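Residue numbers (the UniProt record's numbering), protein chains in the order written: chain B, 1 to 254; chain W, 1 to 254; chain S, 1 to 308; chain F, 1 to 308.
Watch out, some of these pointers could steer you wrong.
In silico contact screen, one side only, chain S against chain B (beta carbon under 8 Å); selected entries [said to hold, decoys possible]:
1. 62
2. 63
3. 68
4. 71
5. 271
6. 272
7. 275
It should be emphasised that the hints constitute simulated quantities derived from the structure, not laboratory data. For clarity, every value in this text was computed on a predicted model and none was experimentally measured. Every residue, glycine too, gets a C-beta built ideally from N, C-alpha and C.
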Amino acid sequence: MYIDSQVVSNYEIDKEYGRVCLEAPEIAASALPGQFVMMKYWQGLTPFFMRPFSINSTDNKNGTIEILYKVVGEGTAILKKLQKADKVQILGPLGNSFPLKENFKRIAIIGRGVGAAPMRFLAEYARKKNVEAHVFISAARPEFLFDTTYFQTIECQFTGSCDDRRLVTSYFEEELTHTHFDAAYVCGSKRLIGDVKRLMDQYGFEGYASLEAHMACGVGACKGCTIVINEEGTERFARVCKEGPIFPVRNLVY
Amino acid sequence: MYIDSQVVSNYEIDKEYGRVCLEAPEIAASALPGQFVMMKYWQGLTPFFMRPFSINSTDNKNGTIEILYKVVGEGTAILKKLQKADKVQILGPLGNSFPLKENFKRIAIIGRGVGAAPMRFLAEYARKKNVEAHVFISAARPEFLFDTTYFQTIECQFTGSCDDRRLVTSYFEEELTHTHFDAAYVCGSKRLIGDVKRLMDQYGFEGYASLEAHMACGVGACKGCTIVINEEGTERFARVCKEGPIFPVRNLVY
Amino acid sequence: MYKTDLSVQISTLQMKNPVMPASGAYDYFEDNADVFPMCTLGAIMLKSVHRYPRPGNKPPRIAEVTGGMLNSIGIPSIGIEEFLNKGMLEHYKTLNVPVVISISGGSPVDYVEICKMLEGNPFIDAIELNLSCPNVGTGLQLASDEVLLGRTVQSVRTVTSFPLIAKLSPNVTDIRKTAKISEECGADAVTVANTYMGMKIDIQTKKPVLGNIMGGLSGPAIKPITLHMVYQAYSVLNIPIIACGGIMCASDAIEYILAGATAVQVGAGNFVNPMLMKEVIEGIDDYLAKNGCQSLSDIRGIANCRKN
Amino acid sequence: MYKTDLSVQISTLQMKNPVMPASGAYDYFEDNADVFPMCTLGAIMLKSVHRYPRPGNKPPRIAEVTGGMLNSIGIPSIGIEEFLNKGMLEHYKTLNVPVVISISGGSPVDYVEICKMLEGNPFIDAIELNLSCPNVGTGLQLASDEVLLGRTVQSVRTVTSFPLIAKLSPNVTDIRKTAKISEECGADAVTVANTYMGMKIDIQTKKPVLGNIMGGLSGPAIKPITLHMVYQAYSVLNIPIIACGGIMCASDAIEYILAGATAVQVGAGNFVNPMLMKEVIEGIDDYLAKNGCQSLSDIRGIANCRKN
Ligand SMILES: Cc1cc2nc3c(=O)[nH]c(=O)nc-3n(C[C@H](O)[C@H](O)[C@H](O)COP(=O)(O)OP(=O)(O)OC[C@H]3O[C@@H](n4cnc5c(N)ncnc54)[C@H](O)[C@@H]3O)c2cc1C
Ligand SMILES: Cc1cc2nc3c(=O)[nH]c(=O)nc-3n(C[C@H](O)[C@H](O)[C@H](O)COP(=O)(O)OP(=O)(O)OC[C@H]3O[C@@H](n4cnc5c(N)ncnc54)[C@H](O)[C@@H]3O)c2cc1C
Ligand SMILES: Cc1cc2nc3c(=O)[nH]c(=O)nc-3n(C[C@H](O)[C@H](O)[C@H](O)COP(=O)(O)O)c2cc1C
Ligand SMILES: Cc1cc2nc3c(=O)[nH]c(=O)nc-3n(C[C@H](O)[C@H](O)[C@H](O)COP(=O)(O)O)c2cc1C
Ligand code: FES
Ligand code: FES
């Protein structure tokens, strides 16, 4: 879908972080956790590309979606300044989604900072299916542990950390020593994903990572957002926007 | 001067017109009527050029200048949206100014719509020197007869017209039949300036026009804003930003 | 449907309007934003199919720059043989719009081989020779070498009866020369032009941003340069010109037509606005109607004072 | 004054920092925005002085485009003779910064004549040959013709002992060739590059916007292309490169230096931000300091994997 949307609200979490709510009934109704949207919300031709953002949550009753964002450059700086009723073009929902297999009984959800943006939607989805979900989030400061209350409301086990000396995966590892997980879902740095891979090898569970790449089209046409993936020994290019943004951790090549 | 200024207020006159007041003490203190400023008030590189605007008025007490503007394209559309405290880079005051010779006792000031923007400053200047000033302004609608009250406050004779069938110069012509003018100052279309030229030939007074041209540098360096002028039979290029924006009507070539 | 006659003809290729995607910047099936029906388009232009299978270049493959983008996709392709075996062309034909296949190769012989394989194929309507991809191999561009260009077009001409469109490189000293050579060697039209060789350096890592070091610049940044090339080419050519470079709105397309273009291609603009091609078609129609014109030929090339 | 060593040398031209204006885009006396002292600059670059007096092209001479501008100024000039008679050079020398005079002409012999007149002049430090203005005459660009380019540089070389900088045209198929020819014919440095031929059409009037029909494109739109040319030229040259094209901030200048440039010129950027050159100088200094570098030679060309 490509819709002319508008800002319902744009809540400032901090100088750098915000949460924008957008009118998008059809997207709210059809999106799956892990999917993203491409958005253009400025006049003129700079920035050039639309910007990709994960869907943080959907609200079917109000016909809205929410995006959690961090200001890192020109495009996100403009996003921060949007006000109620400002116009936004949205293309989406795009990409694949977090696979939640029938046999999964207990999953881990791992993220850092704004990397946790797609995780709320995933947790909601898992809980609806009655899957047990342990959420592990780290951030630089407590206010950047987004959606904490929500995770608790829907009865996820929640571990939040602002300890810079510990990787968030270390909390997960502690759990793994005594609890079996069927799968882990991670969104964050290469380092984080690498550490999940190590734990997968050690403890045996499935791992899925949400990746980012610079995108032009967002729909698979331009072949611009490729990464290298390894499928059973064979390396090939895969488009993050189309085959992803969610990839099995075991297929990732760094 | 090149200053980091900010918006003091941005008053909407209409969908298309506005008046912005900017903090610029040094410019307010040194500007002469007819001079202009180049302004940049957006992030990024589109629009590319700074935009030129005449100084509508200066306020030395508050250290501000006012710009009267009309939305015609991308750059002026952004100007319309500026809010209090928004940042503006200003280069100026630039260009020459309206010559008001010692022997001028009675002058006419003629403009149409936003073309009248520099005229308030001129009228103020003339009245301070005790020169009699008749102001002739036309506009599409009464609310676009800007500064009407001000012109009357400083005791200019004021003729405003919203009659589309009559060129504003026709009111001036009526006056000319019984009153001598030493000079006329005009800002507006080629047609308007052309008509002032005709009246100059017929009634004998000096005429000065404020011109516009696309500008890159605004300071005379790029030679981009040239027009052809005729000085005693010799045609040459003159830069609107530097030799102008005020030119003797008799030198203009159309 | 339209207020005016938007149809154009390029040799035997009949288009109901002059707008088609630029090769490689649009997909028609699952990789499409799906915001308007494909039959809206004047023609279907395919992503270049290479003679042999190619994986494409190593990532990062795109970078944003002021007024556009760099790409070093490098034509990932399954190769013409598999492409034909898979029945891809039949698939495109179901869209009920004339199909133009774009082909690429490393040497003139590659193009000849592909055209031989395509000869008589009922599912295509024209062939565009991508002679100008800056991202294949060491940056050799057939269309930047007058001798190779002429040789390629000429030898392809002898083996194909399809309308032949030579897509020229803008990385040349004088587009008039390469355009004229294309015409003389039998091209039915030229596409002016492809991307400009460019690059971006990351001052933090101190390395080129693109995995392939350099890439092709496209988007509005290049429009003034390509527009001038279309204008120049029009002054020397008797065959139609398809303009391609930086079209972001109907007005850009109209500028190209006023400069002499018969048709236009939209590339990077599709990414920024998935609705763009539809808007361009409607915008041209509105413009013609507002200007009291019946058809595109009323405005084609009229900004061009150099046409003799 | 600086935290690091920003000095660069181009033959005998000593600059305290690598930043100078691009010819024609900056003035030093009454036509200056006067926002920082002229002695801030690494060098004073003059607007091209033509062999003979020229009025320049008919207006409109500039147009805004996405990410830049078109200009068809056409080098208005009082001609070298009057320029010298008027004592202009003495005037520039009072700024206490090395002075580079840019010269232009319609044919190689014009350049030779000017250089003869300049020989031994105590008020200049180097000569830049503007071989690439798209706005003189019928668009003939000496630097787009390999034979004429070589002949011009070579014949000028025999009559001048000043450091000779050949300003190359980007409107060429391969900048490496024209750069190498310049070096071989005796240039002490090359400036890469000038503006790109471009145009804009007004769809209301249906005519080209510029009085001269076409003009030169400059500004950030061209930066990726010119950056790639600097990168390419660096891989074949042994003489210094002065980069020129679309510098709008310190980071742009640093990209050029990482690609291999010794010095940089700022053109259209001065219009958009009169403070720009000062900001670029300070920004380069900061960057070097932050990256633990002592001098520009620590970073020059290090993004360039092609240098052999
Ligand atoms: C599938 C996907 C989902 C995303 N979800 C979110 C989200 O929910 N919330 C959020 O805040 N951000 C998200 N991002 C990242 C977001 O798209 C970028 O931060 C944004 O595009 C940066 O734009 P900018 O103009 O502010 O920064 P720029 O000035 O373009 O860049 C600033 C920095 O960010 C990097 N960057 C820019 N674009 C991308 C990109 N597409 N992917 C990775 N790095 C990039 C640049 O290399 C640079 O280092 C997502 C990205 C993808 C691909
Ligand atoms: C010395 C001077 C003083 C001026 N004073 C005022 C003023 O007090 N108030 C005011 O509202 N406007 C004034 N203008 C005009 C103002 O600068 C333009 O309207 C503005 O730059 C248009 O910018 P834009 O991006 O909105 O329009 P664009 O999209 O750039 O252009 C829209 C239309 O305006 C024309 N235009 C753009 N720039 C100029 C220009 N510099 N001169 C003439 N036409 C132009 C274009 O050709 C086009 O037709 C002045 C211009 C000059 C040269
Ligand atoms: C992502 C991308 C992929 C491209 N792939 C091809 C291609 O396969 N074959 C080709 O001839 N041109 C290719 N091009 C060039 C475009 O067809 C077009 O000529 C160029 O982008 C200029 O047009 P634009 O400015 O509208 O993008 C590609 C361009 C982009 C941006
Ligand atoms: C208004 C203007 C005038 C110019 N005049 C000259 C000139 O006289 N001689 C010359 O060699 N280049 C001239 N140029 C080209 C610039 O020196 C420079 O090479 C070009 O603009 C690219 O740099 P930029 O992108 O930083 O503007 C001119 C450019 C502009 C914009
Ligand atoms: S962004 Fe175009 S293929 Fe992924
Ligand atoms: S705008 Fe540069 S000389 Fe007038």
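Evaluation of the provided hints:
no.: 1; hint: 62; in the structure: holds, 4 Å
no.: 2; hint: 63; in the structure: holds, 7 Å
no.: 3; hint: 68; in the structure: holds, 6 Å
no.: 4; hint: 71; in the structure: holds, 6 Å
no.: 5; hint: 271; in the structure: holds, 4 Å
no.: 6; hint: 272; in the structure: holds, 6 Å
no.: 7; hint: 275; in the structure: holds, 6 Å
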